[in-house]
Amino acid sequence: MDLLDLIDLTQSVLDGVLFGATYSLIGIGFTLIFGVMHKINLAYAAASVGAAYLSLIVVSHVPVPVVYLVAALMGGVLGWLVYLICFRFLPLSNPLATLMSTVGMLLAIEELISHLTQGMPMNYPAMFQSANIEIGSFFIRGDLLFVFLIGCVAMVGLTQLLKRTRLGLATRAVAQQPVAAQLCGMGINSTNASTFVIAGLLGGTAGAMAGAAIGVLSPLLALPLTVKGLVVTVIGGLGSIPGAIVAGLIVGGAENLFQFIRGVSERDIYVMLLLFVFLVFRPGGLFSPPGGRD
Amino acid sequence: MLELNKVSRHFGGVKAVDELDLTVHQGEILGLIGPNGSGKSTTVNLITGVYRHQSGSMHFKGQDIAPLDPHERTAIGIARTFQNIRLFGHLTVWQNLWAARVVRRGGWSGFRERWLSGAATAREQAEELLEFGNLADKRDMLAGNLAFGEQRRLELVRAAASGAELLLLDEPAAGMNAEEIGDLDERIRKLRDQGRTILLIEHHMELVMEVCDRVAVLNFGRKIAEGTPAQVQADAQVRAAYLGADESAVS
Amino acid sequence: MDFYLGLAQVIGIHTLLGLSAWCVLHTGQVSLAQGGFFAIGAYVAGMLTSMWQWPLALALVTGAGIACVVAIAVGFPAMRVKGLMLVVATTAFAEIVRLVFFNLEWRIETSEGVVGPNGSLGFGGIRYFPSNGWSAFEVNALIWSLVGGVLLLLWWFDRSRVGTLWRAVGEDEIAAQSAGINLTATKVSAFGIGGAIAGLAGGVFAHYTTHVEHSNFGILLATFAIAYPILGGLASLAGTLFAVIFIQGFLLEGLRFLGEWRSLLFGALIVLVMLVRPDGFLSRALWPGRVGPRRQQTASPSVDDSDTARQEGSRHA
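Residue numbers (my numbering), protein chains in the order written: chain A, 58 to 351; chain B, 315 to 565; chain C, 10 to 326.
Next up, chain A with everything else stripped away, as it sits in the complex (with noise of 0.2 Å):
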């Protein structure tokens, strides 16, 4: 390899890392919400997707960041929906029914974003798309710069949230003792919907920003988003955000780097590959101790 496949590779993955952001976001809500009600919610990356969707009937009418904007929001009710279908009123002892119903949820969502659009793609708006950044023989993509800011913003904006504000602290109280949690007069469930709601403003956002990289919005790309979100999170560690944030950049990264050795079609075996990686060597994740008994 000479130096110049050196440099389109390091580009490629450089421009990865950046899309990762978008890994990021997802892979936290997966985790946001496992930490809290310790199930999984696989209807969130195709929720994101919608959200996106839901975006798009305003974008003629305004500037594109409020388009965005409007993308989180609309996470943000459907994060609120999915809760109320699929985990409000489903017994808590029961994780594989709250999984089933998600999945039938991502499944309802991702026909239905097929039947209303027909199964077209349909363009979705980025910003920057002509600003490039030269350093040296390295282009930083301006979208995709923005794409990661953005993504960065969200994240900030989260771990403040679950710092800084009650709400954060009942998060994570209730996160940790749900019954001694409601003793304390935190509702259970206006705490888990909040949760769902926050996870989906950053869905939201993932979606927009998805969109905005690739340039179109699809339904198939709600498959896709979640198995890579879910590996994200895993690699993570469970529960972790600053893990999912991390992770979320390496895999975006990792997917350029194998796509330019060997390929689109193959691309997603060795991420696949790289998981089960982790899986072997360190199943807590990247941020906790090397998987042992305790």
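It is possible that some hints are incorrect.
Said to hold, decoys possible - Quick partial rundown of chain C residues pointing at chain A, CB under 10 Å, derived from the structure:
#1 81
#2 97
#3 98
#4 274
#5 276
Simulated from the structure, these hints should not be mistaken for lab results.
Every residue gets a Cβ at the ideal spot worked out from N, C-alpha and C, and that includes glycine.
Given chain A, work out where chains B and C should sit, using these hints.
Leaving out everything else, chains B and C in the frame of chain A:
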């Protein structure tokens, strides 16, 4: 039979078990007592392998058990009951015993016995245990549907069903009334008379003093006293641990 | 009549798929990998009969056998993780399998022309049934005798110690460990047997559809696989069969008039059933002696009492 030498285990900054020396002799009933948080349950978890000890050594019948997984420790003869009952609630009483039967034979007959059916002798043994626990008429009931006292009895005989020579009983008397404790006392003695060794963790002082041959006392993860029940009762440090320093100074 | 025979074939294959998931779910693990083993069985058996003229029975058994071996190989590392991580690991595995077959190109010259998997175009020309004059009725007979055989086998397992061990591990891993049960051996055995059953189903599937491709083996199939035992209730084998008949028979076919909205309905239906009967439709009405909601562990089990109390507490909350 069981020897713990300077065994330690800490969690973060807390030393749950601190250089513990403990010996359980074959055929004895040893009581392990101490105030809450003194490390009794952690000790049981260390012995059964649920937690790994961080220093010191543990030997069972002369064999170093450190490299063994929990189920392997049960296979060599150490079994336990749980403080909060952990029965297989959706299995019947009989199936709970049957699942716990440890098969030590290898080869085809061992495979058959482990996975397929059971040899007649194994079934007989399980039936005897059922009788012993006074649960024979409930053998087809789901364990989760048993009354509390019955569940405790099942927990006890299930530990015995694995064929273990050393039984670790973790607060078996919790929540029992006087009559049930009396039955428990008898059962523990019978289990010992049948050739087993018992390590009993308990808060019920009367039971401990009644049934144990020797007693060891833990506080803050360390052993502070050891001896016959009478000796331990009279020990000043033990009284201080339970009652507080002022009290012991007064009496 | 042909329509019903075709439907019966689908129901039979999906029942086998559901039963394969039943084994694994019984030990308390959620596996989205059954579709992957199905694919392995399909491709292997299909390749053996169409490319090398193997007899059907041998090809099917080999397909199932290889799926079983892969399941055991994957099972060992996978069993080290629990809950969500296992879900992700099995999903990842299934995706790897699908992508491998997406990329697999292996064509050879036979007396019937060029046959073999053709990458993204799929694997067609698995003409064993038509070439040997099997009627739809005979295919059904094969499928349903396999279903019957597997049902019998699993029923026997359930009654023998294997079933007890599987369920004990599914109930409470910590208690099982201290009762001397080797967790890894138990979980891997269930995984392996489940893999073999799925592989068998895949082999037959490849032959009656004569053309398979990677998109047949996606997450939707894996979802169907675990949906059947969950919706039918893990407590019984028959529940899985009824769930398949209900979903494939009444819903997907009976509501054919809804056309493309069927898949949407499937999703909505799952959500509905979980709301109304979270333990599956057969587990409460017909088995009234059951204790209550089955407690499956998706968070890692913990051993100190405060955590146990919390689990108990959340069960009754």
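Outcome of the hint check:
no.: 1; hint: 81; result: violated, 15 Å
no.: 2; hint: 97; result: holds, 4 Å
no.: 3; hint: 98; result: holds, 6 Å
no.: 4; hint: 274; result: holds, 8 Å
no.: 5; hint: 276; result: holds, 3 Å
Comparing the model with each earlier hint shows a violation of hint 1 alone; every other hint is respected.
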